[in-house]
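S.K.: Below, each chain spelled out in residue letters.
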Amino acid sequence: MTEVIRSDGVEIKKKVIQQIILRGSGDSKFNNHINKSLKLLPPSDNLRIISNDNYTLAKMSFDQWNLIFEKEIENKKLNKILADLNKSPLILATNISDSQVFFEIQGKNSFDILNKLTHFDFREKSFKKSTAAQTLLARVDCSIFNLDLKLLLSCNRSFADYLEDRLIDAVNY
Amino acid sequence: MKSINLKKNQFIQFHQKISFKFDGVKYFGYKGDTIASALLRNNINLVGRSFKYHRPRGIYTCGIEEPNALVQIISEYSEPNTRATIKKIYEGMEIESQNRWPSLENDFGSINNLFSPIFTAGFYYKTFMGPHKKFWKNLYEPLIRRAAGLGKPPKDFKGISNHIHHNVDITIIGGGLNGLLAAKSFINSNYDVLLIDFEEQLGGIINNSNKLSSIDNKEPKDWLKETIQEIEDSKNIKILKNTLVTTYNYINHLIAIEDRFVGSKPIEGKVNSTLHKIRTGHTILCNGHIERFLSFQNNDLPGIMLSSSFEKYMCRYGLAPSKEPVIFSNNSNSNSLVYGLIKAGLKPKAYIDSRSGEEIEPNLFDLIRKNDVPLYTNSQIKGAFGNKKIEKILVEDSSGALNEIKCDCLCLSGGINPDVHLFTQSKGLLDWDEKDLTYKPSKPFQPTITLGSASGQFNFDNLNSDINEKLKTFKVKKLDVKLELNTNTKYNIEKLWEVSPQKKSLWAKSFIDLQNDVTTKDIRQAITEGFDRIEHLKRYTTNSMGTDQGKISSINALGIVSDLLDKKVNEVGTTIYRPPYAPLSFSAIAGRNCYEFYDPERKSPIHSWHIKNGAIFEDVGQWKRPWYFQINKDESMHDAVQRESKNVRENAGILDGSTLGKIEIKGEDALEFMNLIYTNSFTKMKQGSARYALMLGEDGMVKDDGIICKISDQHFIATTTTGGAATVLGCMEEYAQTEWPNLKVFMNSITEQYATFNISGPKTREIMKKAFPNINFSNEEFPFMTFQFHEFNGIPIRILRASFTGELGYEIYIPSNSAPKIWDNIQSVGKEFGLAPYGTEAMHLLRAEKGYIIVGQDTDGSITPIDLGLSWMIGKSKKDFLGKRSLARPDTIREDRKQLVGIIPSNKADKLEEGQHIILDKEIKSPVPMLGHITSCYYSSTLGHDFALAIIKNGRSMIGTKAYASTSSMGTTGVDIVKPVFYDENNKRLVS
Amino acid sequence: MKKKYSIFSLAKNALSGHKDWPKMWRSPEPREFYDVIIIGGGGHGLGTAYYLAKEHGLKNIAVIEKGWLGGGNTGRNTTIIRSNYLWDDSAHLYEHSLKLWENLSSELNYNVMFSQRGVMNLAHNEHDIKEIKRRVSANNLNGIDSFWLSKEEIQKKVPIMNTDNLRYPVLGASYQPRGGVARHDAIAWGFAMRADEMGVDIIQNCEAHQIRTKNGTIEGVETSKGFLRANKIGVVASGHTGVLAESAGIRLPLQSKPLQALVSEPIKPIIDTVVMSSAVHAYVSQSDKGELVIGAGTDNYNSFTQRGGFNIIEDTIRAMVELYPVFGKMKMLRQWGGIVDICPDASPIISKCDIEGLFFNCGWGTGGFKATPGSANVFAHTIAKNEPHQINSAFNLDRFASGRLVDEHGAAAVAH
Amino acid sequence: MLIINCPYCGPRDQSEFSNGGEAHVKRPDGSKEIGDREWGEYVFIRANPKGLFYERWVHTHGCRKWFNCVRDTSTDEILVTYKLDEKKPNLNNFKSVVKTPSGEPEVGSGNFTVEK
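Residue numbers (my numbering), protein chains in the order written: chain W, 1 to 173; chain X, 174 to 1165; chain R, 1166 to 1581; chain S, 1582 to 1697.
Source of the hints: derived by calculation from the structure; they are not laboratory data. This one's a predicted model, so the numbers in the text were calculated from it and none came from an experiment. For glycine and all other residues, C-beta sits at the position ideal for the given N, C-alpha and C. No false leads were mixed into what you were given.
Residues on chain X that point at chain R, a partial pick, calculated with CB under 7 Å:
#1 F296
#2 T300
#3 M302
#4 A321
#5 P327
#6 I428
#7 R706
#8 E708
#9 R712
#10 L757
#11 S760
#12 A763
#13 G1034
#14 P1063
#15 H1106
Using 20 Å as the maximum straight-line C-alpha spacing, the simulated EDC-like pairs for lysine to aspartate or glutamate come out as follows:
#16 K1126/X with D1572/R
#17 K443/X with D169/W
#18 K108/W with D365/X
#19 K1184/R with D736/X
#20 K1098/X with D1253/R
#21 K741/X with E667/X
#22 K1057/X with D1617/S
#23 K543/X with E532/X
#24 K676/X with E564/X
#25 K443/X with E769/X
#26 K1051/X with D1610/S
#27 K1023/X with E823/X
#28 K1057/X with E1614/S
#29 K128/W with D365/X
#30 K116/W with D365/X
#31 K1049/X with E871/X
#32 K1379/R with D1519/R
#33 K1084/X with D1119/X
#34 K1613/S with E912/X
Here's a subset of chain X near chain W, in silico, CB distances under 10 Å, partners left out:
#35 I337
#36 H339
#37 R452
#38 F770
#39 D772
#40 T832
Chain W with its partners taken away, still in its complex shape (with noise of 0.2 Å):
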């Protein structure tokens, strides 16, 4: 976890933080299998969050999960809960820790610092609490994770350090 910048009403931090993506049909077999092993059942509807204390769930599209550890696990445990979901025909997990570098955003502000970067409409009504979103933001493809207290904001780690300075340059301008 690094400090990106503080300024008033907006605090960003970069986090290195683990992931699987989960590809699959997304039927009732499928959501059990997986409530089966991460005791969490997957949420139904699209670009919905369930977590947990250990675990973060996002549907993104009907055959797509992404499970975020934002509490660091070894990878050896990590790769044991790999090889648990690959175990069904059903479940398709790849670990894609290394490809995504995470930001987290907190305070007022936020929003007003993401809207110079990107048209994506932040408002309650449109972007509820635990949903996620995958959108472009500073012509950069990114996912954006809605959770209580912070947002969480993901992008491919070649564009990490694009994406760091525009989120640096917008606090600035």
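On the provided structure of chain W, position chains X, R and S as indicated by the hints.
M.R.: This is chains X, R and S only, laid out in the frame that chain W set:
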């Protein structure tokens, strides 16, 4: 022009003097003044020279519709074409007039006025053709270009502007009376509202005119203050001031620009303008109206201005440009100016009205009678005269007699037009109103509401009912505001577009477009020549094509044309109103998305190592890839590339291949899907093996290539070219979802999950054994084109034995976060074996020696696998794959298609050039038939001479013959056509 | 009576207050039958009628236009003229057009203001360099003037260009000295005037609704001014050609997309050549009135609204302010869109079809204006002779079945 | 900039989407015999109507899913978006704004400003 200050004004700080320079001379204005109001205070009205005839021009309006007063702001990077009527002054400001040489007073260009009878509409289409076409390029055009253009080019400027996106339910454009009333009804409702006004203070006509005497029995100023406070306190309404909405795009998408330094010099390093990009559910247009002028002889003389502008200078800027202006009008709108003058203790020199006596409003009649102002009804001004400023006017009164009136200022009013620019940008339709003689909004196409004078309501009597009716759908509280007017008049206008000059003269000019010097005579000439459609007329005469886009005159032109053609104005139509509403700064459009942020620089996981070790980078799409490595500052690219490639042939080299695309294909039907996408057949492929594969477009042409690793029939990993990564993934997803939805298959991009290090060279095996001691790299255990999963210090890695250089090689796939450690380890282990990094240029050289193609360089979208000699990669038994059917089309099975061959210079010492063509003629006498072109060519230290790959007609059958290669100096070089492989033809080194 | 335009005719008419200039073209009501009807009153359509009358002696011709002459793409483009195309077929076609441009003003005795100030295509990466060097070599061997310019040579011709501290630095450029810009309205009005003089009926506000055929041969066209019978019909209506072809049962491989452009406020001369940059897809020249004429990219969806998204303008301008720092303090005066009809191989269709007497000239994408006289010339030949001219033989309709395409994607310098 | 209602993510700005041209075009089964002309028409020819147009979009910078859409190309008005596996919506409940056979609409083309 003798102006007078009106100190009782809330907007101008008369106690705060400001000095500024205009054309080198120092003047004083006050805080809150625009350049125009400050110049008028100093009795300066000559501010510029017109575009074509270089006639003297003065300040004509008090707003954004200004056609004449465009100045250059020297103190701001000499920004050209700035409206003096908008730009506020600040201490030490330096301003220059435009389009005149040597000076404003005496401009050499005014000689054009002398020749003006010849320079009428479209004269340049009929001349400048003789005596020879060289004259146009070397004489006429340079002359025209130097005379044309208004301002001088600005200085280089790297500005800071930012973009702010808004998502709102309601956007109210215009903070005048109607805008404020609309905003009031939304206070604390559950609508997100944005109120935008172009001025520094909200209020519109409340501040700018004398029309209103009281609102809800309060002084307009007090009501305004209260209302603004109420709106500012409301949680759901945001106000943007100094912000002009320039563009109204489809599906309610607005662009507006905010000036962040109004009345002060922009500070370096601070944001000087903001572009607001607004997505709104509904738009409420209450941006008011614009007064239009009238055409008569010399209606362009400095000292002539619009009557509502004169009134705005009095109310808004506390300044009467003249103590006793003459007023000429054909409508009731200029009544409030008379009222304003008298209230300020002044009075008009004369009031001339084209309407008959009975039509004059009674209270205006009394006001004029009581203050014994000379009144001329049923009268018209035949002309204005004076040297560089108005000195007298010639009035033809009701009896037809001509009266000469001396005056220093003439206020005109030809009627008012609703400001329909934004409404038509929203693709709404207009309709001509025969009574009010103007175009009014009629049929909207988007959720657009127009209120007040912007909707063509020029009277105040049904203000409440109009707003309540139009806001009904929002179920907000009803309005019931009580208004009292100073000149309680119903809007009344009589048709008058033009007054013909007193005496016929070739030089008499009555202007219809002030900025582009278009006269009413030009319009008549255009119609006689057949340009009677309004769009033709505009382009032939350049009417309303200036920076003001004819805001105060384009309707007049329609009136004149409809009279000339004897057609209703609706049949004449209008030209299309194009965005932006007013010129929009390039820097604001660019925002922060330029200079260092123009495009991301995508970096591989070991980018910092490359920088520290002398890498020179090349742009490949958005990626930065090491092109070559310099061992010292003055090693040339050629030497570096020869060193790197030689080292791979003799010892071992390592390349960072992380930028290549990597796609994981998983699912029950993965095998069937892969067989459909790629040309190869993967059915009989063993698990743990890899195969080089081609992907075609449906037209049968090569689109991308890569290595396919088969983990199982349900799990493949495909690599793609760097440039092709996004398109290959996109294509796979498209076909999986739209053509073969029944196949259970999923694709994930894992490009950034793994770094990829390609190590190759004779000593690779020793290096790998030392770097990864627990892995058996023997040929038997680890054959060519197979891959294995291993764990190294707890990190899951995958090693694939493949090579693009033709040497023994391995591709190591490592989770990106752990890549730097393993890279450093391999570097240190490999040192003793002469391991060195190499870049893309050396890779291109080495693969070309082996005859391996690079998609996008050796192919250009018109090359099939057969042309490349890769027909062995086509799964003959497969029933279908992308592009299969196209491979059997007449033009694709032609024998003499262009095919891949090798080229070497007949004389080994000769050079070859990339992009040159292969021809059969020794001497080039163009046009020369070409067989094809050199796609890749390099000097090879292994071969000791230049060599190249080329795509030429009938290539394979020409192997063994001679031809010529063209050179960039139009010479030729003798070449031999050979097989496209120059090194280890039977791949001994690959498989040992 | 042949109209004569010169400084002397201007002076003579000035004395009488310019009242007795002759009408540029009559606006007759359509006759019942014509030998040839041209559908589309743009530069290509009017030029075709001109050459049919002048070079093939046909007299009974009509040009029908649904709006006003030159109101389509002729009046909306960025007026760039060049012939440095890659493939031989395209190079010969555009060179044929450039040669006609070079003495069009004197042939029409109407100044089309063709200013041969050179056209530059910038290279911003290694891939661009390879592609441009190949095109320059092909141009030279096809007899077309084309040179490779180093960065220093570019700097000399365009002093306002910042070549180095850019995200994608300028590495060099191709340059065609004979290329340049012209006044787009003038070529439409010039062709219309001279065609009218030779008896061609030019009928505006006459919209073609339905092409009528009888067992495989052309009969005529239903229009808003009634049914007009004809032996031959040439459809040259850009985006609408596909719609009309459909009415005759012919499917054309056209896709109509918005292409946007803009002009800046007029300033004194700052750039004397045309600079095109396909990597950041933005191209610029300065009109004689002093406005910078800037072309942007196409939107990626089909539309006939002659409008596009603001993001396209943003992408072009943010490249421009970096490439030319002097643009930082300049302002956009006006922004508009045209409809470019694009073929899959980004090359035009100038061809007969299965229906006897029905001919199509369309698919010009972003290359229409520069081809105006050349396209009109060879299309007139194709219609008169019922056989394509050698120059346009490759641009036939059945190349899409045989697969013998002329793939000019790179050359159009606009990413579409 | 259009607003496109992605069936999975809801209404989003057009910059998140890529266009896929005409919808409901079935790829001929490669294994069966098909003439050159017919195959050439599948590869190169797509409808290009001025008026109501069945087209495909993909939410490239979002959920990356393809979906169909009915849009009036003479005004850019999007009438409805629907999933790939849903039935082709019948259009008679959409009032056609087309006035002239060449598809010029009453209002919304932006090509003229005064009612004809």
